[in-house]
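Asks: Here are the chains, one letter per residue:
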Amino acid sequence: MDFSSIVVQFLNGLAGASSLFLVAAGLSLIFGVTRVVNFAHGSFYMLGLFLAYSLAGRFGGTPTGFWISLLVSALVVGVVGALVEIVILRRTYRSPELFQLLATFAVVLVIKDVALAIWGADSLLGRRAPGLSGSFQFFGKVIPAYDLVLIAAGPVVLGLLWLIVRRTRFGRLVRAATQDREMVGALGVNEAWLFTGVFFLGSFLAGLGGAIVLPREPANLSLDIAVIADAFVVVVVGGMGSLPGAYLAALLIAEVKALCIAIGDVSMFGYTVSFSRLTLVVEFVVMAVVLVVRPYGLLGRPSATPRAQVAIMAASRPPRGRWILLVIAVLAVAPLLIDRYSIVLLNDVLVFALFAASLHFFMGTGGMISFGHAAYFGIGAYAAALLLKRAGLQMEVALTLAPVAGGIAALFFGWFCVRLSGVYLAMLTLAFAQIAWSIAYQWDALTGGSNGMVGVWPAAWLADKAAFYWLTLGVTVVGVLWLWRMASSPFGYGLRAGRDSPLRAEALGIDVRRQQWFTFGVVGAVAAAAGALYAFSKGSISPDVMGIQRSVDALVMVLLGGVHSLVGPLVGAAVLTWLQDEIIRDTEYWRGLLGLAILALVLLLPQGLAGARDLWRRKPA
Amino acid sequence: MTVLSASGLVKSYGGVKAVRGVDLRVDAGELLALIGPNGAGKSTCFNMLMGQIAPDAGRVELLGADITGQAPRRIWRQGVGRTFQITATFASMLVRENVQTALMSRHRRLGNLFLSATKLYAEGALALLERVGMADQAERPCSVLAYGDLKRVELAMALANDPKLLLMDEPTAGMAPTERQAMMALVAKLARESRIAVLFTEHDMDAVFTHADRIVVLNRGRVIAEGEPADVRADELVQRVYLGGGTMFGHV
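Order-wise, the sequence lines are chains A and B. Position 77 (the first sequence) corresponds to 77 in our numbering; numbering is contiguous. Counting the second sequence from 1 gives a position; our numbering is that position plus 1000.
Just so you know, these hints were derived from the structure itself, not from any lab. Everything numeric in this text was worked out from a predicted model, so none of it was measured. Think of the CB as a built atom: it goes at the ideal place given N, C-alpha and C, for glycine as much as any other residue. Among the clues, some could well be false.
Stated by the list, open to error - Among chain A residues calculated to face chain B with C-beta under 7 Å, some are:
| no. | residue |
| --- | --- |
| 1 | P490 |
| 2 | F491 |
| 3 | I510 |
| 4 | R513 |
Said to hold, decoys possible - Covered stretches of chain A (chain B as the covering partner; in silico rule of three or more C-beta atoms under 8 Å from a C-beta of chain B):
| no. | region |
| --- | --- |
| 5 | 483-489 |
| 6 | 493-501 |
All chains, full assembly: derive it from the sequences and hints.
Replies: Shown next as structure tokens:
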């Protein structure tokens, strides 16, 4: 590693920071004004890149045509964003905040399949910019000329945004709404069009962020999730609602990544550490460190008007004992009546019901949101597999110890997370989940890397699908009943007290932070039990078991079923698992259909599936 | 017997000296009112006593023990109950469960993850609700209660720890005039019966002069008068401060 390669990587980092900043700035604006955590923001980026690929491919032969193509791509994405706001989100502002999250998940799924239908599943590298396709020498290294455009783009857009926010009426409203949305509404501002305008601007920025990397990055269908994770990190590190903060954070993260690549392999104490492969981990480590030192990000401030973070949920009572017994009885005899395929499917339903129930306890009773719940599921699965294959323990022992591993990991992550609250806490859970994921993905020697591990089979007496199903049923019933009991245990009361009114809880001698920390451990252990069952039921695992997609699935299950009801996550898990299985068999566009189904539910049943029952009975909530 | 004594409390925010050297003392069974115009430093004083904010200088003692700057939950354990200016109760719970939670915390039972708590300390909770006149509403959700009733629930929760001291920030704010008198009469009765020291702030002068045993008047971060209601009422400086004689912005 010499000086020139550091400089080259530094410039590379600068170029990477610009696109990241555009996406993050849009996300930050949208969250600041509307309080919507827009999961579809990465999809807007991806859409911008795909559109630019097609438009520039057709009209980009001349410099004018090329640049106009990029701009038009971004504008189209802006219009798509505005339409999403008008058609979908506008109807959900009165629902609990989490429903907007669910709606944006659905948009992610729909956009992904639209892109699949139009552009296909292969990576597409776009045309180079006419006139800028060359490169130049710098300290003896080659730098693409287009990188200079990227390096300039970030500060230029930051300046333009600053002018809009500081010098226009629209910008003044944006700033006012970021500080106190309700007050802006009370002053007679037409909120509806302000929100639409902000969605247009934010989506335009995401689209532009995607379009300008056309000559540098290939367009592909996995960008949406990858980019949204990056954008979350940048927004949170920079401080919600702070544009200069977002640029600073984008720069910090892009440079740290570039530095890792520049360092390359380093030998220390006989071990070789490959820094260039640690970029994923490093990004999230930066985030974790910044958040622990500055809980509101580099340039962020505590929200001026803290409102309730999670819609307050009345603790619903569990169903009556005889109904519980009936359901268990039906589930217990089911394997005698159905075919092998259905037993496996029902086994999946039970595993995910337990997983979703643990997230539901975390959100409903604990009042915290987790964007990274799959971490504990995955750690349970990997712990089971590693104990079985690498430590050579018996399957029964591995299954018993996996929840312990999950609980300990969750306590470790939770120790950092409970120092934050609200969306910041949620983002930090995502960061830890990504760290866990990248360790599983990159530590080939231990975890098998991206291939994962095979031959994770249960003991001989459980080899039969029905036998394993009964084991799953037993663990799930015990786990779910314990979670239900815990919601009405003294611990549950204390937790709800801290959720409803932290001020009052502290004034009654309750250590709210410690209660939340324990909650991490408890739900981590339960989720890990579900993960271990999953590993043994499939016989193999891969890093996908703790990918973002699985965390999102868990959130969808909980929200779909309804946060208000203890039965909700179980219903949600059953419906989502069944839907996925059912649609996958019939069409390659199952994600899009699933997304549309979720959107229909969000718009028609804002209380979730289990809430539909109350609607029907007309019972006051 | 002196329950609470604070001496030399100081707190600045940037260049603003919110509280500049306040001494306070409350005896068992006594109602002490802390009054003063807006910005006089009442809330800052209050929050320092309860541990919400740490004083820059000064000392707070509870029954002779130093509690300066301790966390609210530790101060509560030593026998200080509190009610807030804007009521803070657990909206997802029944009235009875609110008080049960307070009792569970008192008896350090909140670490139990297995026991059903629906009946735990239910009788004790009902007894406390009886004392504040809320027993008939015990089974209603807290979220549907009238504001004045919520204040009573808060009081019941504050009493759950058999407090030696009650800190009440505007106990009658947002109540109708008749409700105010009833509330203050209830607090006075509880203080006499159980020998609780009560320190409260209040904007309603009727409530203050009818029920307080002693009054401390703050202005611009300092105590400008202290004594029995009749003396404070006659104090010329207090009259000027309250009737707008310009002292708020001049030198006192």
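Asks: Kindly indicate which numbered hints from before are broken by the structure, ordering the numbers from low to high.
Replies: 4
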